[in-house]
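Undergrad: Mind docking chain B on chain U? Use the hints.
As given, the protein sequences belong to chains U and B, one line each in that order. Numbered by my numbering, the letters in the first sequence go through residues 84 to 197 in order. Numbered by my numbering, the letters in the second sequence go through residues 13 to 128 in order.
Rather than coming from a laboratory, the hints here were simulated on the basis of the structure. Please note that the accuracy of each hint is not assured.
In silico BS3-like links for lysine-lysine, alpha-carbon gap of 25 Å or less [stated by the list, open to error]:
(1) K70/B - K92/U
(2) K61/B - K177/U
(3) K177/U - K83/B
Listed next, the stretches of chain U that the computed footprint assigns to chain B, with coverage defined by at least 3 CB atoms under 8 Å from CB atoms of chain B [claimed, not checked]:
(4) 116 to 126
(5) 185 to 196
Here the structure is a predicted model, which is why all the values come from computation and not from measurement. For each residue, glycine too, the CB sits at the ideal point set by N, CA and C.
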Amino acid sequence: NAGVTQTPKFQVLKTGQSMTLQCAQDMNHEYMSWYRQDPGMGLRLIHYSVGAGITDQGEVPNGYNVSRSTTEDFPLRLLSAAPSQTSVYFCASKAGSAYNSPLHFGNGTRLTVT
Amino acid sequence: AQSVSQHNHHVILSEAASLELGCNYSYGGTVNLFWYVQYPGQHLQLLLKYFSGDPLVKGIKGFEAEFIKSKFSFNLRKPSVQWSDTAEYFCAVNARGDTGRRALTFGSGTRLQVQP
Numbered sequence: 084n085a086g087v088t089q090t091p092k093f094q095v096l097k098t099g100q101s102m103t104l105q106c107a108q109d110m111n112h113e114y115m116s117w118y119r120q121d122p123g124m125g126l127r128l129i130h131y132s133v134g135a136g137i138t139d140q141g142e143v144p145n146g147y148n149v150s151r152s153t154t155e156d157f158p159l160r161l162l163s164a165a166p167s168q169t170s171v172y173f174c175a176s177k178a179g180s181a182y183n184s185p186l187h188f189g190n191g192t193r194l195t196v197t
Numbered sequence: 013a014q015s016v017s018q019h020n021h022h023v024i025l026s027e028a029a030s031l032e033l034g035c036n037y038s039y040g041g042t043v044n045l046f047w048y049v050q051y052p053g054q055h056l057q058l059l060l061k062y063f064s065g066d067p068l069v070k071g072i073k074g075f076e077a078e079f080i081k082s083k084f085s086f087n088l089r090k091p092s093v094q095w096s097d098t099a100e101y102f103c104a105v106n107a108r109g110d111t112g113r114r115a116l117t118f119g120s121g122t123r124l125q126v127q128p
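Bound-form chain U, shown alone (with noise of 0.2 Å):
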């Protein structure tokens, strides 16, 4: 049972470029996220999406776009790379939309951008 996918591990971007996270899962969860994990600053909600089709902002969507094609997929993008946004990238889905799921995270992808 993979749970929920996340590729690359490890990427480096030169200011400017675009990329894309790709996350995936396979428990059926409706609800997807994405995080940026700081040092001192915790979990940033980045977007989150709660069903196909249905994408949302979260605390710091800035410099990011999601999409929402299927249930199983919840890419982030890049759109043009700045080094504010290294970081640690997590994705995490949940079972419906209920406010006591508890969360299930990706591995994670570490992005520096130089």
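TA: The following block gives chain B in isolation, referenced to the frame of chain U:
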């Protein structure tokens, strides 16, 4: 603005010592509370959660947490830590924010280092 505070950023304990990590939040109304743990090089995993009922909740690996509504706190405890408990611990609160929508907010994390 609503927030989740973890005042202990880095805690160093010897094996068998008791642990208490603080978590305070500023939300009113109904809250759902979580503690997640991130072991070195791994993703976050759920440790325990509180929704309603008994304010003392027990989680995996001997951890427990107590919800004290009057103090807006959800502190994590373990009577006797082990070297394998070395990890980063995150408190998270699901509550209704200023926009009226519910959201899950994480604290900044506490890094626990257990020395053998």
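Undergrad: Check each numbered hint from earlier against the structure, then list the numbers of those it violates in ascending order.
TA: Violated hints (numbers, rising): 1 and 3; every other hint is consistent with the structure.
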